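K.L.:
Top to bottom, those sequences are chains A and B.
For what it's worth, the working numbering labels the leading residue of the first sequence as 1, then goes sequentially.
For what it's worth, the working numbering labels the leading residue of the second sequence as 1, then goes sequentially.
Be careful, since some hints might not be right.
A few chain B residues that don't get close to chain A, going by computed Cβ distances all over 12 Å [what the hints assert, rightly or not]: (1) 39; (2) 79; (3) 82; (4) 90; (5) 96; (6) 101.
Derived DEER-like restraints, expressed as beta-carbon distance ranges [stated by the list, open to error]: (7) B/56 / A/6: 31 to 37 Å; (8) B/3 / A/91: 41 to 47 Å; (9) A/111 / B/58: 16 to 22 Å.
If you are wondering where the hints come from, they were derived from the structure by calculation, not from laboratory data.
Since the model is a prediction, treat every value here as computed from it, not as a measurement.
Cβ coordinates follow ideal geometry from the N, Cα and C atoms, glycine included.
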Amino acid sequence: MTSPRTSTRTGAGRVLVAVYGVFALAATARSLVQLLTKADEAPLAYALSALAGVVYIAATLGLAEIGPAPRRLAWGAVGFELIGVLTVGTLTVLDPELFPDATVWSSFGAGYGWLPLVLPFAGIAWLWHTRPAPSGGAVVHIAN
Amino acid sequence: MDGPLPLALITASLVFAAVVLVYVALARTPDWALLGFAGLIEAGALVLLVIAAVQVGGVDLAGGRSITLFGYLLAALVALPIGFVWSLAERSRGATAVLAVVGLTEAFLIVRALQIWPS
Numbered sequence: 001m002t003s004p005r006t007s008t009r010t011g012a013g014r015v016l017v018a019v020y021g022v023f024a025l026a027a028t029a030r031s032l033v034q035l036l037t038k039a040d041e042a043p044l045a046y047a048l049s050a051l052a053g054v055v056y057i058a059a060t061l062g063l064a065e066i067g068p069a070p071r072r073l074a075w076g077a078v079g080f081e082l083i084g085v086l087t088v089g090t091l092t093v094l095d096p097e098l099f100p101d102a103t104v105w106s107s108f109g110a111g112y113g114w115l116p117l118v119l120p121f122a123g124i125a126w127l128w129h130t131r132p133a134p135s136g137g138a139v140v141h142i143a144n
Numbered sequence: 001m002d003g004p005l006p007l008a009l010i011t012a013s014l015v016f017a018a019v020v021l022v023y024v025a026l027a028r029t030p031d032w033a034l035l036g037f038a039g040l041i042e043a044g045a046l047v048l049l050v051i052a053a054v055q056v057g058g059v060d061l062a063g064g065r066s067i068t069l070f071g072y073l074l075a076a077l078v079a080l081p082i083g084f085v086w087s088l089a090e091r092s093r094g095a096t097a098v099l100a101v102v103g104l105t106e107a108f109l110i111v112r113a114l115q116i117w118p119s
């Protein structure tokens, strides 16, 4: 079992899970509507939105400690998310024509109040802050 | 959808988020007053969904825009209950702050629904 210190879903982690949950729902629902109603207009952008949705779902589940290896899932998802938003952000700033329709990660998430850029850093910081003690043993505090 | 209800809901949701932040600052846990406030917003979201369903036949919403509209309105209906379940499962400042996220999301969802509705 995870203790409150190493749990990623207690305290500030609860807010983080809520924000990731909103993005998971938003990106997934948005891409589903786009792919079902106008897939041929901007297939790359919509497929990317769907991929972003899956990454946000994975991050939400991982941080909420759902599934067999939630911490590994969360690390993978926020790491992918960081690479995704930096890559897509850079590409869309350099060549705006690349994605005719906006995705969550376009222009580093400027259309979503820069939250898509801030979130992976917050996720990584939180996972690092709550990391378990090395070797899995008890943490011994030594007074100076 | 043309009446004062959407704007009232957006304002109420933003005020709700601000009140929650005061609770977080004072380290107060959610009480019945906060729950009642959220209940009013939830009732308003339900009324808005019904109004949109009644009026949607009379307006021009091409392509997938009616799907998007009801997507936003349904999300506005489920956001508060889900947020409360997630928040009330724990007693901490972080758990209370979840309700601020919910309030902001609620306001955003209704703004988007309003943008889709042809005026």
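K.L.:
Any hints this thing doesn't respect? Which numbers, in order?
P.N.:
Failing hints, ascending: 2, 3, 4, 5, 6, 7, 9.
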